[in-house]
Amino acid sequence: MRSTTLIAAAGLLAAAMPLAVMAQDQANDVPAGRTDGSKVVLTWEEFIKITGYDPDKKGQQVITIPWDEVRSLLGVDIRLEGGTTVDLPWEQFKSLLNWSIREKDEGGAPPTDYVITRSEYSGTLTDDGAQLVLKADINVLRKKGWKRIPLLPISVALVGEATLPQGACLNATGGVYELLTDQSGSMTVTVPFAVTVQKEAGVNHVSFQRVEGGSSLLDLEIDSQGVDVKVAGAQSLVSRPSDGKTKTAAAVPAGTPLAISWERALPKAEDVPPKLYAETHTLVAVADGVLLCQETVNVNILHAGIRELKLAVPTGARILTVTGPNVQDWRETGQGELQVVLGREVLGSYTLRLAYELATTDGATVPVVRATGVEREKGFVGVIAMANVEIAAGELQGATSIDARQLPADIVAMTNQPVLLAFRYAADAFTIPLVIRRHDEVSVLMTLVDSAAFTSMQLNDGRRMTKVVYSVRNNRNQFLRLSMPEKADLWSVSVAGNTVSPARDTQGQVLVPLVRSSADSRELTAFPVEIVYVETPETTAPAKGTLRVTLPTCAVPVMHVMFTYYLPAEGRYTVGWGKSGFSGPLAIVDDFTTLSVDRGVHVVAVNPAAEAQQLQQAADQRADRQAVAAGATPIRVRLPIGGKQFKLEKILAMPHDQLYFEVEYSGWEAAR
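Per numbering that gives the first Met the number 0, the sequence shown starts with residue 0, numbered consecutively.
Among the hints, a few may not be true.
Claimed, not checked - Quick list of in silico lysine-lysine cross-link-like pairs, DSS-like style, CA-CA up to 30 Å:
id, residue 1, residue 2
1, Lys-244, Lys-274
2, Lys-274, Lys-377
3, Lys-93, Lys-142
4, Lys-543, Lys-643
5, Lys-198, Lys-142
In case anyone wonders, no lab produced these hints; they're calculated from the structure.
All figures in this text were calculated on a predicted structure; none of them were measured in a lab.
Work the whole structure out from these sequences, hints included.
And the structure:
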């Protein structure tokens, strides 16, 4: 036997690999042959006998190893002559042995024991039963130990001889048939089995749960021709006749049970053209010189889908909008036809909504857009008024007048106006003439004064200072027109809390600019207009006499006039035996009348004492401004805040009413 010494080469191998050095050799009293995990435990004497190690040489002994074992340890494919050996020092032999053991341990466990790379079910289906074969390609990843691989549910019956890997067997447990094997790597399994066929109402069914993982292919043959085959959950399915039978191929995804059904195929119906049935719901609104129309066209499409609808437009009508599910485009042709193109084919019920208009004068025919190419059409028409017009129906042809309550709900829902006329038609041709009579409009109030609250201070020299607060509701008038008393001097005017500059027209009326009332729900809200003015007579008032007090009049109605009048305290304002000295259209009252008002009315709450104080302040401020302008000392005018108070009122003052009252007085002190 030839021997080759490779001490230097083994030294280089040990230096290139960071190998751990084994622990110090020591004896172990564990019995020989006993295993501890994956290790074999030997006595010291047995180890010396097996390896030929000489402890007296203290690691200097050379170990002789056959080359085939070295090649296996290093994983190299270099073949030498038979009987070649390698001589290694003891320390290098230990390092090489250590390295080979660690390389085996570093492999790690696979993420799964096995993978079924492909599975296929093939066989024949008859009315009596199904004979099938499962063919599975399996890649077993775990190398050591026995593996359990589920193949079929226990509900099927195994028939014939299965083709299994060497040393493998089939086992029935836990509701499945499983493959038991201790082998690893790629293998193919073929298992024939039978499944019962259930029949119900002419349909045959085969179904069972797939327990193997992954998707599966089906290659089946049905022993009859002209059948319709279905595979539940199949991602692809192809069936074709072959020699009086039907061959079917399908692909079933993972996790899907295998459920196959087949029945006698029905003869394919011949292609027939679509049939359309239409019903129109039209609302016609009569406005000034035009008919505004809304229409719903309900179409029922049978037999085949369509992608285009054609409708006939009345002469002179102009289409405004066309809406509906999946409407892609619409256009009017020059022949009075409306073409509506849909984004996809439609079969069954379909609804189209149109808006269009038609110019008219004193008479018109109800315009209805009608579907063309339909088997039958019927419809309903409702008519409402959107202007001051009177509408009547002429002589009907092909249509019937009905009660408005018989109209479909969607027509009534198109408007808040009452439906004046209602019609129904079912004929191919019909005419619904309308007789329209227009009437002149009657002007209505654009501005209304809910209340006018006056507070007036009378001086004993005849001068009078008055503040009035109007509660105004204005829709669109620009001014509030007032006819002021003669010799009245305007001191201030404010609207909604903002000071404004009034104007005067050619008739001498004062024009107070207004704002538009805000809308609260469906009512206009009121805002205040405040005016302060002073009347100065040409001569000083005597100690006894008659005063005529004239109020401003508005160009719009005033619902409630309230006048609080302060007179000098020393005076007497009765005649005869205590009869009131007041006379005129305004009546003397103890308290003002409280009127019931609607939501939009705002009655100004007036505090006479506070108003009197404000008038005194206004008089003082005006006297100060005049004195400063003239460079003189201001002269204070004392208003009779503590004088006698009287209340007068009038309910509903119209623009042509004269608002005034007279009072007889006596006992006034001479003015100073």
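What are the numbers of the hints that this structure violates, sorted from low to high? 1, 5
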